[in-house]
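**Student:** Residues per chain are reported as follows:
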Amino acid sequence: MTARQLAIVKDALPFLLKAFVNVTLPLTALSFLLALLISVLVAMIQYAKVPVLKDLCRVYIWIIRGTPLMVQLYLVFYGLPDVGIVLDPFPTGVLVFGLNEGAYMAEAMRGALESVPSGQLEAGYCVNMSYTSTMWHVILPQALRTVFPSFANSLISMVKGTSIVSAITVVDMFKEALDIIGRHYEVLPLYIEVALIYLVFCSLLTLLQRLGEKLLGAYGGAR
Amino acid sequence: MMLEIKDVRKSFGKDGEVLKGVSLSVDKGDVVAILGPSGSGKTTFLRCINFLERADSGQMVFDGNVYDMHSIKKRDIAAVRRKTAFVFQNYNLFLNKTVLKNVMLGLVHGLGMPRALAKEAALSALERVGMADKLNAYPSQLSGGQQQRVAIARGLAAKPEIIYFDEPTSALDPELIGEVLNVMRSLADDGMTMIVVTHEMEFARSVSNKVLFMDKGEVIETASSEDFFNNPARERTRAFINSILTKGGVEKKPLSEPQPQPQLGFIDSTR
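For the protein sequence lines, the chains are A and B, in the order given. Quick note on the numbering used here: the first sequence kicks off at 8 and runs consecutively. Quick note on the numbering used here: the second sequence kicks off at -3 and runs consecutively.
Quick caveat, the hints were computed from the structure, so don't treat them as lab data. Take these hints with a grain of salt, some might be off.
What the hints assert, rightly or not - Just a few of them, taken from the derived set where beta-carbon distance is under 8 Å, the chain A residues facing chain B:
#1 G126
#2 Q127
#3 E129
#4 A130
#5 Y132
#6 V134
#7 N135
#8 M136
#9 S140
#10 H144
#11 V145
#12 P148
#13 Q149
Heads up, the beta-carbon is just placed ideally off N, CA and C, and yes, glycines get one too.
Take these sequences, add in the hints, and give me the full structure.
**Tutor:** This is the structure:
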């Protein structure tokens, strides 16, 4: 690496980190929270076989999983204004990433719920507990333990997935890098720099996942 | 008469009629053994009378209240379950809860008992089954016999009028069966009303006072257990008892002998 490249990489770092902390992180966090809510709700509706709603959930999952994320992003940001729905770039990102990942997470969550032995619910009934109460105290905690690695997977995937948000004018870390490249024409070092920042952060999340699994594994894990 | 079940019928789609009109009456303090070959509908019958399966037809009279077993309302099911406890073949302890929490959960969130009272009731029930020293263990850290004793305590803690046992020892290793049967025997000695679906002939003979013998969804014989084992009225019953005897089922499990205590590696719950 030349001295010039080194200087550019060094100068770029604070700008990249700032964009990461101010945009990439909140975008990921909010999108993931939304996805989490959606997935648990959608999975529980299907598990409880709520009439009509469970069919709507299947349609939602079918559409989201059957169309590209980029198309969904464009559709909401550039398409919906045609019918009078105009959203700011950042909320659009949160909405689309949340809805998108929510569909995948809902399927993982449904699988986790269905993997809880049916005897657990029956045992709840036999000690006078209601469906809701058994769900809350017994089924859901066990399912969340089972689904935890899969959800961590989704979170890690989302951190990087948000880098396409520049397509709808949000200046996240990757867009910041593109702008810097545009000014200096130093391509490779900056891409590597951005990649390393993502890598470091995702490594941190991987460690957290392991820690979380250890904590949740206190009852011997899912069997 | 505390509990009377009349003419329970139940079919499952592909299996056809699994219960072809089963009736049973239970007095306070009765220990009823439901016997019969595999697939005779014993377990289905037990599940029907606790409404884990909905019978196609049948009538239940519980403490003078009459219920139609097919069209019974949710509220009535809850009322019946409040008076009963159910012990499953595979224990079904709440896997994410400690021993103590397993017993408390239903008391607090099912019966609305204050936590302190629930804990007291749970502790005394666990003491009753000899599991008070494992309060903070999780089910996965217990042997099958220990799990089943906790499951019995879980039922017992709510002070039920009657406890249903669905093959409570069938999933257990042979050396763990004794500790569970001993708990059940001591409950019977205390006058607890029990309905026990079982393959343990010696237990049925020595503990139960009434036997319901089923085959292919029908009641072949209802008798006092003395008559059933010593003086069976029906040919089918005789054949069944003989087949058990020739397999050595009765002779090989003498419960009067002291049961070996299981030597289990204790798993540290703080691991």
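**Student:** Could you run down the list of hints and mark each one as holding or not?
**Tutor:** Comparing the hints with the structure gives:
{"no.": "1", "hint": "G126", "in the structure": "4 Å, holds"}
{"no.": "2", "hint": "Q127", "in the structure": "6 Å, holds"}
{"no.": "3", "hint": "E129", "in the structure": "6 Å, holds"}
{"no.": "4", "hint": "A130", "in the structure": "4 Å, holds"}
{"no.": "5", "hint": "Y132", "in the structure": "7 Å, holds"}
{"no.": "6", "hint": "V134", "in the structure": "3 Å, holds"}
{"no.": "7", "hint": "N135", "in the structure": "3 Å, holds"}
{"no.": "8", "hint": "M136", "in the structure": "4 Å, holds"}
{"no.": "9", "hint": "S140", "in the structure": "5 Å, holds"}
{"no.": "10", "hint": "H144", "in the structure": "6 Å, holds"}
{"no.": "11", "hint": "V145", "in the structure": "5 Å, holds"}
{"no.": "12", "hint": "P148", "in the structure": "5 Å, holds"}
{"no.": "13", "hint": "Q149", "in the structure": "5 Å, holds"}
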